[in-house]
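Protein sequences, first through last, are from chains A and B. Taking the working numbering, the leading residue of the first sequence gets 3, the next gets one more, and so forth. Taking the working numbering, the leading residue of the second sequence gets 418, the next gets one more, and so forth.
Hints in this document: simulated from the structure, not taken from any laboratory. By construction, the Cβ of each residue, glycine as well, lies at the ideal position given by its N, Cα and C atoms. Be aware that one or more of the hints could be misleading.
As the list claims (entries may be wrong) - Here are some, though not all, of the chain A residues that point toward chain B, as calculated from beta-carbon distances under 8 Å: (1) V132; (2) A150; (3) L240; (4) P244; (5) P245; (6) N246; (7) L260; (8) L261; (9) A267; (10) L269; (11) G271; (12) V275.
To be verified - Computed spacing ranges between beta-carbons, pair by pair: (13) R639/B to L218/A: 56 to 64 Å; (14) W544/B to S83/A: 42 to 50 Å; (15) V104/A to L528/B: 31 to 39 Å.
Stated by the list, open to error - Where chain A lies over chain B, by a calculated footprint (3+ residues, C-beta under 8 Å): (16) 667–676; (17) 679–692.
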Amino acid sequence: MSAIEALGQPPAPAAPVVERHRRASGLRGLSLQAKIGAGILAVLVLAGALAPLIAPYGQNALDFDHILSAPSLSHLMGTDSTGRDVFSRTLYALRVDLAIVVFVTYVPLPIGVLVGAVAGYFGGWLDAIVSRITDTMIAFPFMVLVIAVIAIVGPGVKGVLIGVPIVAWALYARLARSEMLVVREQPFMLATTALGYSKRRAILRHAVPNLMRSCLIYSTLDMVVNLLLLASLAYLGLGAQPPNAELGSIIADGQTTLLSAWWVATLPGLVLVVFGVGAGLLGDGLSDGRLRGGAQ
Amino acid sequence: MLTYLIRRLALAVVVLFCLLVATFFMIHLVPGDPVQIVLGGRATPQAIADVRHQLDLDRPILTQFWLYVSHTLQGDFGTAFTLGSPVGEILTQRVGPSAALIGYGMLLSLLIGVPLAILAALRPNGWIDNAIRVATTLTFAMPGFWLGLMLALIFGLELGWFPVSGYSGGIGGILRTLTLPALALGLGLAAVVVRTLRSSLLEVLQSEYIEAARSRGLRELRVVGKHALRNSLMNTLTILSVNIGFLIGGTVVLEQVFQIPGLGSLLVEAVEKRDYQLVQALALLAGAAVVLASLASDIVQAFLDPRVRLGGR
């Protein structure tokens, strides 16, 4: 580290703040709630990642001798109308869904944060334009806009991978912009100007790390929203195309046999609920930590 | 007051205009020729050229935009190519069930959410509050369509109280056919209402006039349920208007679950048939509904709360 940089750090009162945040976001500083949430998510992610190893049957293995059998030890979640093992299908679907969710949540995040940070830092006409664009994106109901983009790109996983990020960056841009309006008035940001740092360095090195925390906390909630959105799209037939499964499409398949075989639609949905609860606990636990930190 | 209203109105007009721009470009972003995609591979070049002309797609882009804006402002959304009738007519036929579903869902979310929020705020971190928190965490994590299916399974198929598909108008028909989907929609929103209203109630409970009400010896339920609630209602209004987009998204899927012939199922049909004209009109309508709802809620808020109209510069 050069002398100038070494000089650059101490006057910034934010440095200890950032430091404290870092420590709080280490595993030890997490509340019990956040730990349980993280544990639930870890189990689901492992189950999805290891699907080919864990799944007792192939995801599309037909078995006409065991059509619509109820959950039992050999078929933990029963079988569907063509004898496919719902548990195996759910594991594979979870794998697909989690991969898509991580992509559609964390690809738009840095883009949105950068756009919001730049708009908030400079203000003026740039901010006005960015704000109107995000207002417009947010004005559309998320689901309708994503469906419209899918109508253009074409149904399937590709449509979802393009459709969600095109819309989702706007939320992070708005969040980062409003945080930036606060951060830019902080003494350490004024110090970057006084020290003659380039605007690029001030934004990227000094402001953005301070915006990231709230965006990352928000992203846990966003993952739940995105997972539910994916499930809805798959349910509508706009997600992964058959025979490959997404959680939503398994549920849609199960709707036709709802009365005779409740398990096909019910159990994959429960997996979604468990994921949502895990992410909710993690998000709540993290934001409680922030509130406590903020009170100091 | 007047300047606040004008500023707010101007902002809404700007966003509405941006919505027009966004939906206009939608059809131009389709990779390849949208007309070719709709008509299929066997269409003759003449047929394609005819449809392009009919849709004004052969004009310069600025002229097209001008025509799009002026037609839309006159309420003319063009003709849906797959259904062969004017888009405006189709929309008016199908708007009823969707509007009823959204209204009913909102009502249920308030009927469920407000009492629960009061109960939770009466004794924060007591066992009732914790039970309610667990329940809202669960409902928040449930996909609306899955919740709808479960309600259909229990109350429709097993108990036979409600039909599981179809729609009929009138109060009786709505109560019969829309109760389950509205419940599925409302429970998701109720979770948000409970959480926001609870924290807003707890904040209001710190104020001095609540102290005064308590020192006059009023019962806690009355203090929270009447005095505090009145000041938190504004927040509830905001929650509802912010979530109108969530409700619209929810109806799209729930209409599919319960086979309700509304705008949501129309959107899914339009996507399947690649009827871009219809998708465009529906996206515009949904966006405009959100903008107008938030405008209406801000205006109501300005009338009710002087801090908003004076603080808004």
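Verification of the supplied hints:
The beta carbon of V132/A comes no nearer than 12 Å to any beta carbon in chain B, farther than 8 Å, and the hint placing it at the interface is violated. With its C-beta approaching chain B no nearer than about 5 Å, A150/A sits inside the 8 Å limit, and its interface hint holds. With its C-beta approaching chain B no nearer than about 7 Å, L240/A sits inside the 8 Å limit, and its interface hint holds. Given the 8 Å rule on beta carbons, the hint for P244/A is violated: about 15 Å separates it from the nearest Cβ of chain B.
With 8 Å as the threshold, the beta carbon of P245/A stays out of range of chain B, its nearest partner Cβ sitting at about 19 Å, so the hint is violated. Evaluation of the N246/A hint against chain B yields a violated restraint, the C-beta minimum of about 19 Å exceeding 8 Å. Nearest Cβ of chain B to the Cβ of L260/A: about 5 Å, under the 8 Å cut. The hint holds. Proximity of L261/A to chain B holds as hinted, the smallest CB-CB distance being about 5 Å (cut-off 8 Å).
Interface hint status for A267/A: upheld, as the beta-carbon distance to the closest one in chain B is roughly 5 Å, under 8 Å. Interface restraint check for L269/A: the shortest CB-CB distance to chain B comes to about 11 Å, outside 8 Å, so the restraint is violated. For G271/A, the suggested interface contact is upheld, since its CB lies about 4 Å from the closest CB of chain B, less than 8 Å. A distance limit of 8 Å between C-beta atoms decides the matter here; for V275/A the minimum to chain B is near 5 Å, and the interface restraint holds.
The beta-carbon spacing between R639/B and L218/A, approximately 42 Å, falls outside the hinted interval of 56 to 64 Å. A hinted range of 42 to 50 Å holds for the C-beta pair W544/B and S83/A, which are about 44 Å apart. Evaluation of the 31 to 39 Å hint for V104/A and L528/B yields a pass: the beta carbon distance comes to about 38 Å. Counting residues of the segment 667–676 of chain B whose C-beta sits closer than 8 Å to any C-beta of chain A gives 5, which meets the bar of three, so the coverage hint holds.
Counting residues of the segment 679–692 of chain B whose CB lies closer than 8 Å to any CB of chain A gives 6, which reaches the minimum of 3, so the coverage claim holds.
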